[in-house]
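Chemist: Build the full structure now, drawing on both the sequences and the hints.
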Amino acid sequence: MATSAVRSAPASQVAKGEPRIRVRGLGKRYGTLEVFRNIDFDVGEREIVAIVGPSGCGKTTLLRCIDGLLPHDAGEIRVGDERVTEPIAGVAMVFQHFGLFPWKTVFENVAYGLRMAGAPKSEIERRVPEFIKLVGLSGFESAFPYQMSGGMQQRCGLARALAVEPNVLLMDEPFAAVDAQTREILQFELLHIWEQRPTAMIFVTHSIEEAVLLGHRVIVLKGRPSSIHETITIDLPNPRTRDTLREPRFAELREQVWGTLMREAREAEFHLER
Amino acid sequence: MAEQALNTAVGPAQKTQTASGALSGAFMPRVITGFAILLTWELVVRAFAPAYVAKPTTVILAIPKVITEPAFLQALGSSLAAVAEGLAITIVIGTVLGLLMGRSTTFDRIFRVHINFFNAMPMIVVLPLFSLWFGYSSAARIATIIFAAIFAITMNVADGARSVPREYLEVSRSFRSGRLRMLTDIVLPASMPYLLAGFRLAAGRALIGAVVAEFFLSVGGIGYYILYNSRSYHHNEAFVGVLLLAAFGVSFELTVNWATRRFMPWYRRDEKTT
Numbered sequence: 001m002a003t004s005a006v007r008s009a010p011a012s013q014v015a016k017g018e019p020r021i022r023v024r025g026l027g028k029r030y031g032t033l034e035v036f037r038n039i040d041f042d043v044g045e046r047e048i049v050a051i052v053g054p055s056g057c058g059k060t061t062l063l064r065c066i067d068g069l070l071p072h073d074a075g076e077i078r079v080g081d082e083r084v085t086e087p088i089a090g091v092a093m094v095f096q097h098f099g100l101f102p103w104k105t106v107f108e109n110v111a112y113g114l115r116m117a118g119a120p121k122s123e124i125e126r127r128v129p130e131f132i133k134l135v136g137l138s139g140f141e142s143a144f145p146y147q148m149s150g151g152m153q154q155r156c157g158l159a160r161a162l163a164v165e166p167n168v169l170l171m172d173e174p175f176a177a178v179d180a181q182t183r184e185i186l187q188f189e190l191l192h193i194w195e196q197r198p199t200a201m202i203f204v205t206h207s208i209e210e211a212v213l214l215g216h217r218v219i220v221l222k223g224r225p226s227s228i229h230e231t232i233t234i235d236l237p238n239p240r241t242r243d244t245l246r247e248p249r250f251a252e253l254r255e256q257v258w259g260t261l262m263r264e265a266r267e268a269e270f271h272l273e274r
Numbered sequence: 001m002a003e004q005a006l007n008t009a010v011g012p013a014q015k016t017q018t019a020s021g022a023l024s025g026a027f028m029p030r031v032i033t034g035f036a037i038l039l040t041w042e043l044v045v046r047a048f049a050p051a052y053v054a055k056p057t058t059v060i061l062a063i064p065k066v067i068t069e070p071a072f073l074q075a076l077g078s079s080l081a082a083v084a085e086g087l088a089i090t091i092v093i094g095t096v097l098g099l100l101m102g103r104s105t106t107f108d109r110i111f112r113v114h115i116n117f118f119n120a121m122p123m124i125v126v127l128p129l130f131s132l133w134f135g136y137s138s139a140a141r142i143a144t145i146i147f148a149a150i151f152a153i154t155m156n157v158a159d160g161a162r163s164v165p166r167e168y169l170e171v172s173r174s175f176r177s178g179r180l181r182m183l184t185d186i187v188l189p190a191s192m193p194y195l196l197a198g199f200r201l202a203a204g205r206a207l208i209g210a211v212v213a214e215f216f217l218s219v220g221g222i223g224y225y226i227l228y229n230s231r232s233y234h235h236n237e238a239f240v241g242v243l244l245l246a247a248f249g250v251s252f253e254l255t256v257n258w259a260t261r262r263f264m265p266w267y268r269r270d271e272k273t274t
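Residue numbers (this note's numbering), protein chains in the order written: chain A, 1 to 274; chain B, 1 to 274.
Mixed in with the good hints, there may be bad ones.
Said to hold, decoys possible - Only some residues are given here: those of chain B computed to face chain A with a beta carbon under 10 Å: (1) 69; (2) 163; (3) 186; (4) 192.
What the hints assert, rightly or not - DEER-style ranges, computed between Cβ atoms: (5) B:93 with A:40: 52 to 60 Å; (6) B:117 with A:29: 40 to 48 Å; (7) A:207 with B:159: 33 to 41 Å; (8) A:31 with B:109: 20 to 28 Å; (9) B:179 with A:40: 30 to 38 Å.
Unchecked claim - So these bits of chain A aren't anywhere near chain B, every CB distance computed over 12 Å: (10) 30; (11) 86; (12) 104; (13) 164.
I should point out that these hints are in silico values taken from the structure, not numbers from a laboratory. We put the CB at the ideal spot given by N, CA and C, even for glycine.
Modeler: Take a look at the structure:
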């Protein structure tokens, strides 16, 4: 595992805090198919870790294990002091296909997590509008998901996750199903929201650009079964803005991640040809 | 951000014309066909049948007399009350059984074969048995209604519960829902379209069950009214009863359609969101 902290500009020294998530020697198999093995990494209390890898490398499976939705076969996951074997409090997930309930309004969808956590009615009525506002959906409280665009639906999904005030956010390719412009808007809004309410965040994506823009570190998964190939520290100044995209350093890092991934892809192809 | 959201919002008032669509279009051909059927009936009866055989003109003339007749109103009330009662019991038991079968393989294994067995049985063959158990009474009629209707609901709800999108269940688990709450909060509403389809089927069968039970068990009701009047050569009166049953079936269908649009506006529109 090569950690390449190329430059240590003061701006890149994020106050990550203590590790919130600790993943040690994690392995997962589906029957005879081993998905990944020996996964080790930490995520700080106020740190965004992006995970990239070729399709089918098990990024989403890894995230589901960390959420406790899937059992793992080796190693352990700790969130705070708790060992994860099933979904635990304080961890919330944003789903690739939004996972909104079509029979619930925006309000009820956002309230869902709070209701499951047993929050009293008064608290729900106070907090839900607050989070609807935070993601820019004010005025759409009584709209149904089918009445909204993909971008708005994912705002709703984000509000639902944020409403339980988690200290860990798990993002499963959350912007993969929205169009390119909306995706860019949502990326910066997510950063903006994160600045206001920093949490430990794991952001799974197949977009290298997105990983470099959002992540304080980028983990590259590779191989079959996959494992961590490289962890790249993204020493870009924070907070990241649209200007970040124009920095030479951004392009450099993007190329570095790209190179790592492509080398892997080419090797895989080479392997197939033989 | 809010403006952008507004621009991409889709109005809820679309697609309302589909409901009336079934009634519009090819209007004149339909009316003409209807008249042709009635005219043929009228002419054939006039030419070849004795005077007491019902024909459209005499049936129409009998309507005012029949629908103000206390015996008829009582019969109608009795039948409809029995159908309503039977359906209410059916929905509760059928839905619970269906949900359990759909979400638990154990329950499914235990019940499926028996339900298929009973479902394959023509409802008429159980009537002698029911008359022994419950006597020639309205209890036997209720039992027949339930027997006729329940499997349509159970099988449909079980199918619905089995095909709840996996993502909904994952979201629910991720937010730490208990098993029972998942059943009531997620599986039941997600199965609503199936429940409604089953309910339509069940309502038709319940009506048949009521009439058949009245025929065979001589329980007072609309079925018995029709039987009694045809046997005493009051064919026109009997026919008014038949028409009313048909009208009841049609108005039930319309009510269910209306209620679906009114209370489940999301139904059949959620497809385009993913």
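Chemist: Check the structure against each numbered hint from earlier and tell me which ones fail, lowest number first.
Modeler: Hints 1, 2, 11, 12 and 13 are the ones this structure does not satisfy, whereas the remaining hints hold.
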